[in-house]
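Required output: the full structure, derived from the provided sequences and hints.
Note that the protein sequences, when read in sequence, are chains S and Z.
All residue numbers for the first sequence refer to my numbering, where the first residue is 1 and numbers rise by one.
All residue numbers for the second sequence refer to my numbering, where the first residue is 1 and numbers rise by one.
Rather than coming from a laboratory, the hints here were simulated on the basis of the structure.
Since the model is a prediction, treat every value here as computed from it, not as a measurement.
Certain hints may be false.
Said to hold, decoys possible - Now the stretches of chain Z that chain S is said to cover, found in silico as 3 or more residues with beta-carbon under 8 Å:
| no. | stretch |
| --- | --- |
| 1 | 11-18 |
| 2 | 92-101 |
| 3 | 221-233 |
| 4 | 238-247 |
| 5 | 285-293 |
Using N, Cα and C, we set each Cβ at its ideal position, and we do this for glycine too.
Each chain is listed here by its residues.
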Amino acid sequence: MKELGRLLRRVEAPAGPAKLRAEGLVLGYDEATVIDGLEVEVPPGRITSVVGPNGCGKSTLLRSLARLLRPRGGGVYLDGKEIFSLPTREVARRLGILPQSPEAPEGLTVRELAAQGRYPHQSWLSQWSASDERAVERALQKTGMLPLADRPLDTLSGGQRQRAWISMALAQETETLLLDEPTTFLDLAHQLEVLQLLGRLNAEEGRTVVMVLHDLNNAARYSHHVIALHDGGVYAAGPPEEVVTPELLRDVFHVEADVVADPRTGLPLCVPYGLRRRAEGEEA
Amino acid sequence: MRRRAALRRGGLSLAVDLRAAAVTAALCAVGLAGVVLHVGVGEYPISPPDVLRALLGLTSGEENYAFIVNALRLPRALVAFLVGAALALSGAILQGLTRNPLAAPEILGINAGAGLAAVTLIVALPSAPAALVPPAAFAGAVAVAGALYLVAWRGGSSPVRLVLIGVGIGAVATALTTIMITYGEIEQVSQALVWLTGSVYGRSWEELWTLLPWLVAFGALALLRARHLNALSLGDEVAAGLGVGVERERGVLLLCSVALAAAAVATAGTVGFVGLMAPHIARRLVGPSHGGLLPAAAATGGTLVVVADLAGRVAFAPLEIPCGIVTSAVGAPFFIYLLYRSRDVK
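In structure tokens form, the structure reads like this:
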């Protein structure tokens, strides 16, 4: 009997990290179409960065991967199942999303925020189980927020606040974490703090991380896989060494740049030196 | 620091915010003291110990005490408490839902809708029985809330649209009420004005038993959905990411808020600013988590209106000021203070 239970549990548990992919995705708001016929696959257990110029649909893509935006065409698939066909709670137990610069109610403490991450695991009868409590403590410890756990968010620095939000996403215990510009409004040290934390979470726990990043050098340095968006579709996708090239900077970001190897890591490093000169007859 | 105690048995578990529970108990004690004082004052003063004896049904020297306390004065004091509690709950829910500290039933035009319906009835149909005023006010509040939701709905309801359209609908309802007052007969108008300022004068057990079920039913429903309200107060995107059925939960909570405000306004008229002030005071005391905040806000609101009514009766005795004037006199500066403070935050 015990044997059977163990077997059943093994069947229930998803085999390996979830596979997230989009097929023929068409996304837009009101009249405007932002993403048109995009194909993308998120490598499981790795860190993926989505890069591209302002307004290219990076955040829109991330929102649709997180089931926050219904596609106009095509679909997003989690382990082969169309994401809108899955129950909301099940998706929330497998995908965590941190929107860009979220805001917490005044006076909310770090621990209270992290506890919100347990929402998809709770029910009316089980509102604060022992595993909820363990998950929150673990998340606070991972992000180094335990010493600040009882502080209200509004008394913290930008980097600490971002770590508090990441604690919430961690407490959700999802295999995949989606983050929309987790480093915006942070100074250099705090950017590193957040990116290194995400790197550790990926290395130690094998969580899949997908983030939208503005900074190409950070994307190259902290991710295994880079997806560059351009004109409503994917311009290039692959390891940073293959994607971050002078051609990408010219075609996608309209910038002339040298791409050199980082002396420490050998990873690509962009050194922009001017705006792209427009060719004859090309539209501005 | 806020301490949570976990209650667990089998598959059941619940976190209790000990501090919020203690604060709420203390607030209820203050409210009860207010009720005792409230019952004691009047043309025929009764000392607090005698009030307590009469409340507990113990006989004391004076035979009349029991009648004066239990039949005449107690229902009014209790109605004041319940009205305050309902308004405060309504405001706390709205502030959480809209993520706007300035949200309150009066800001969303819910009170104005009730006022318009009640004044129309009083002024335009003077022959209608007075007992019809509360149901009319209730219907007015619900009608405004329904219109608000319909107009604000654009493929989904957005908190900002709800507030802006609520302010607009409220202004229209207030303007129509003013027209009624301008062109009405003087007798009916003065009656309407008393109703509009909000008063618990002469409220009896009957009003109390009408209001109580609404408060219990929708207060409990809101409390059971505190978990969802907490998630919604982090913003729609975060809430949806956590697995909240955003539109459904927002609809249910909005319904709770409207029903509570409508029941309160139908009982006592538009007692202003309680739905705005009480949640703020409670949030200062117990923090923004709604499991603790909702009961604390209800206790704060109840105490506030009891004290306001007491002050209104004592300040210029034998002249009586409606409690709605007292709460507005305190609430209007409080509102300006909140506006002033929110100017600094971004």
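What are the numbers of the hints the structure violates, in ascending order? none
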